[in-house]
Amino acid sequence: MATIQFITLLFLLLNINGICTGGITGSYVRKSQSSIDMPIQSFPPPSGYNAPEQVHITQGDHAGRSVIVSWVTPLERHPNVVMYWEAEGKHNHKHKTHAIITSYRYYNYTSGYIHHATIKRLKYETRYIYELGTGNATRRFSFTTPPRVGPDVPYTFGIIGDLGQTYDSNQTLEHYLLNRKGQTMLNVGDLSYADDHPFHDNVKWDVWARFVEKSTAYQPWIWTAGNHELDFAPEFGEYIPFKPYMHRYHVPYRASGSTSPLWYSIKRGSAYIIVLSSYSAYGTYTPQYTWLVQELAKVNREETPWLIVLLHSPWYNSNNYHYMEGESMRVMFESWFVQNKVDLVFAGHVHAYERSERISNVRYNITDGLSTPIKDPSAPVYITIGDGGNMEGPASSYTEPQPSYSAYREASFGHAILEIKNRTHAYYTWHRNHDNVPVAADSMWFYNRYWYPKEESSS
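Take 125 as the starting number for the sequence shown in the numbering used here and just add one per residue.
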């Protein structure tokens, strides 16, 4: 009898302390070796003298009626014009917008001429053709603007993190393109991995932008800065953080009242998307902290029901790789996320996949000892998707047993799709890179925390 009482007591203690077995750890075993970068020769510059290259677009204002078109010319500053027109209908008059031009030096590298042109006052739900360059160097692309912002607007996002430029990276991107559902990409940081090469070889920034152009030139990528965008290297005289990233990737940060392109927000469809910087100051009174306080107060869930946050370093992570690196930011901001009923938080950094339960750890303070995450219907689901396929390889060492806050985890590469259906429901799938087929290894119906805060269950 005493033995049974002891076992019962031990079981209760294990559950109270939150170290009972959690959800599912995917049984698929990804190769453990690091992937290698594709050869530079795989992505040569386009033909033609001074041909525009590395073309990418992102949202250019807060509500989706503007687009920032960015590209590089390798030899001359001009032409710096983007021509654009409606693809269908009677109104195919050509318009033009001039770009601002920038360039930078990094150690022994000098960039080409980097162009950023903002096309304004576009029509919603309209396909546009745009053209860069002149003569035999002319290149033509297209994009489709989003629907007008509204509470029941269906819209589909792709999600990728820590992509890099390896053969595995290519498989991830090809699977996403074959999926054909994504209308806009949410990228959670770590782009080129140039800093993994001697002297942060900035040629790798050029090659990466050519590699992803087959997607970035045709649909907006919403950018988040990761640790591999820092490029802070005082050992060889580079003291400005984020120098290559901020020259190459412009975002509409001023439209949301931000003072830095490293944190900003946009509205798209029925979603309000907040981008945060894990590697910028976020303590009390800092610019990012002050901005986020004001930003959360602006969100109108009657207009944009889905509140989504992008950042790089995950707050909930049961992988030994980068374990608890996001803890200080979680302590600063998690209670705000719960109070404001954030629906989803996407992060990267850990080169594996993990989806949490709806949990919070906001009871904790330094003296009360209540430091265990618990289920919380007002909390976000935290998704780590740093599994794009970069050269550092998969992170396959998980803490055991699987903690109760972890619903699904797997050390594989892949991408995700978030299909927002209306103000209450969104369907989410994570697609594993597996045998050349984008297998949907994890899926979930998410219920909106503001309009339909019911408990969800994995499908």
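The hints are simulated quantities; they were obtained by calculation from the structure and are not laboratory data.
It is possible that part of the hints are untrue.
[As the list claims (entries may be wrong)] Here are the simulated DSSO-like cross-link-like pairs (lysine-lysine), alpha carbons at most 27 Å apart as the crow flies:
#, residue 1, residue 2
1, Lys244, Lys218
2, Lys545, Lys422
3, Lys305, Lys367
4, Lys465, Lys244
5, Lys244, Lys220
[Stated by the list, open to error] Restraint-style ranges between C-beta atoms, simulated for each label pair:
#, residue 1, residue 2, range
6, Arg304, Ser158, 41 to 47 Å
7, Ala211, Lys578, 40 to 46 Å
8, Tyr447, Asp276, 35 to 41 Å
9, His217, Pro169, 29 to 35 Å
Think of the CB as a built atom: it goes at the ideal place given N, C-alpha and C, for glycine as much as any other residue.
Hint check:
1. Lys244 - Lys218: Holds, at about 14 Å.
2. Lys545 - Lys422: Holds: Lys545 and Lys422 sit about 23 Å apart, inside 27 Å.
3. Lys305 - Lys367: Violated, because 33 Å separates the two Cα atoms, which is more than 27 Å.
4. Lys465 - Lys244: violated, 32 Å
5. Lys244 - Lys220: Since the Cα atoms of Lys244 and Lys220 sit roughly 11 Å apart, the hinted pair holds (cutoff 27 Å).
6. Arg304 - Ser158: 41 to 47 Å: violated, 30 Å
7. Ala211 - Lys578: 40 to 46 Å: At 41 Å between Cβs, range holds.
8. Tyr447 - Asp276: 35 to 41 Å: holds, 40 Å
9. His217 - Pro169: 29 to 35 Å: holds, 32 Å
Checked against the numbered hints listed earlier, the structure breaks hints 3, 4, 6; every other hint is satisfied.
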